[in-house]
Every structure is written in C-alpha cells, then in structure tokens.
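Colleague: Could you build all of it, start to finish, from the sequences and the hints given here?
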Amino acid sequence: MRIGIIGATGWLGSALGKRLLELGLVAAEDLVLLNRSGPRPEYHGHDRVIWAKDPADLARQVDVVVLSVRPQDWPALDLRAEDRLVLSFMAGVRGEALRASGGRVVRVMPNAAAEIGQSYSPWWAASKLSDADRAAVTQVLSAIGTSDELASEDQIDLMTALPGSGAAYPALMAVAMAGFLRERGVAEQIAWRSAEAAVCGGAQLLAGRVAEAPAMLAAYRDYRGVTAAGLEAAEDAGFSRAILRALEAATEAARKLG
Numbered sequence: 076m077r078i079g080i081i082g083a084t085g086w087l088g089s090a091l092g093k094r095l096l097e098l099g100l101v102a103a104e105d106l107v108l109l110n111r112s113g114p115r116p117e118y119h120g121h122d123r124v125i126w127a128k129d130p131a132d133l134a135r136q137v138d139v140v141v142l143s144v145r146p147q148d149w150p151a152l153d154l155r156a157e158d159r160l161v162l163s164f165m166a167g168v169r170g171e172a173l174r175a176s177g178g179r180v181v182r183v184m185p186n187a188a189a190e191i192g193q194s195y196s197p198w199w200a201a202s203k204l205s206d207a208d209r210a211a212v213t214q215v216l217s218a219i220g221t222s223d224e225l226a227s228e229d230q231i232d233l234m235t236a237l238p239g240s241g242a243a244y245p246a247l248m249a250v251a252m253a254g255f256l257r258e259r260g261v262a263e264q265i266a267w268r269s270a271e272a273a274v275c276g277g278a279q280l281l282a283g284r285v286a287e288a289p290a291m292l293a294a295y296r297d298y299r300g301v302t303a304a305g306l307e308a309a310e311d312a313g314f315s316r317a318i319l320r321a322l323e324a325a326t327e328a329a330r331k332l333g
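With the working numbering, the residue at position 157 of the sequence shown is 232, and numbering never jumps.
Note that these hints are calculated values from the structure, not bench results.
Hints may be right or wrong, so weigh each one.
Straight-line Cα separation of at most 16 Å, EDC-like style, residue types lysine to aspartate or glutamate; simulated pairs [unchecked claim]:
hint : residue 1 : residue 2
1    : K93       : D129
2    : K331      : E228
3    : K128      : D153
4    : K203      : D153
5    : K203      : D158
6    : K93       : D132
Modeller: In structure tokens:
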C-alpha cells in the first residue's frame, strides 16, 4: 500500500508520517509527501521518501491519500483522486464536498496524542467502502493509536469537540490547579508538579476502564472526606454544566466550519 500525505510536515500529518515509518507500516519509498514549503533533504530521518509536485502528482502515485491541511485550504487543492481511498483529517469539510475529489472518502478526527501513538481517531465513511478499504483505514490509523467507525457524519462534529480536543481541557484544569497553589504561596515548580500528579498521574487510574468513572466518583463521595467536599463544591459551582457548555460550543463551531 502506497500512502500519500498532503500536509506532511504539519502537526497531524507529520505525526502520522513519522509513526508509519517508525512502525514499518509503510516503506520510505512508498510514502509520498506534499507540503507548502517544498521538499526536504530528509523526513524523520528518512531520505528515500517521495516528494510530490502537487496534489495531482501525489494522487497518481498512491493508493491512499491523507488530507491533513486546514479546512480553509481545501478548495485550493482541487484534488482529483479517482479510485483512491481518501482520508480527511479536516474539521468541518463535509463528505459531500470531499466526494468531489472522485475518491472513496473517509472523514477522520484524530487528536494531538497522535504524536505519541495514543490518538483516538473515530471515523465515518462518506462513500461506500469495501472490506479491504475498511482494513486499510484501520491499518493507517493504527499508526497513531486506536479508531472506531461512526454511524453518521453528524457524530464527526461531536468527536471534533471531544476527543479531537486532545489535551486542551486537561491543560485548562492543570492551569487552574497550579494557579490555586501559586496564589497561596507554593513554589511554581511544586505547583506544576502537583497539578501534573492530579491531571496526568491520577488519570492513569482510569486508563482502560474509563466507563468505571461514575463508580469511582461514588466511592470518593461515599468516603465523605476532603475530596468529597471538593467534588460537591465543584458541582455546586457548575463544573459539569461548564464542561457540557464547552462541548456544545465546540460542536457548534465545528458545524459552522462546514
């Protein structure tokens, strides 16, 4: 399978290209790249990758085209990818518009954890796919983490708002937590380490069993200790409502992109 990445040196495109090469899912000579700044002497330590002249040149050489560019850059690409599998990482660009490329279109919503192979990348098929196509989608996305197929295109906007946000909401929480300590005289380095312990270390207890989060919260509340008091105050202050409002706003923004 030959894979082409348009936007190969951008945030997600670069992460995908690097992981495909590191994991041996594609040989360097079977990876075709395109970016706005032009060819480079090497790409993540590989000098045998192929640099395309333009989108048409890239599409001619590959089986799978990955679109990893900003939504506003899509119209100018004028992509023609007949009989190609096209994976779009672009938020807001609808399947109907993408099908104008002539390819078999899949919309994917990866996140920043692609850099460490931990992205959750849900996807929706905007075209009729064969079993081989679905296997190819799963194989490509396995380079950056895990994936699931969605039932409808509307769900892509929801995924843009939630898993697509990557570390944004944990980062927001970390800033608030560290700020609480710093404002009360705790040294900056210790404040940030404390926030990391709560946001990053504590979250590891949920890894692989996040559906148990309600039971975990119930256990904290039942203990009636210090953390229970904090949880109660957070809910009284509208913590859950704030998260819901944030996701609603992000979903609406994703829809407006289209």
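Colleague: Can you name, in rising order, the numbers of the hints this structure does not satisfy?
Modeller: 1, 4 and 6
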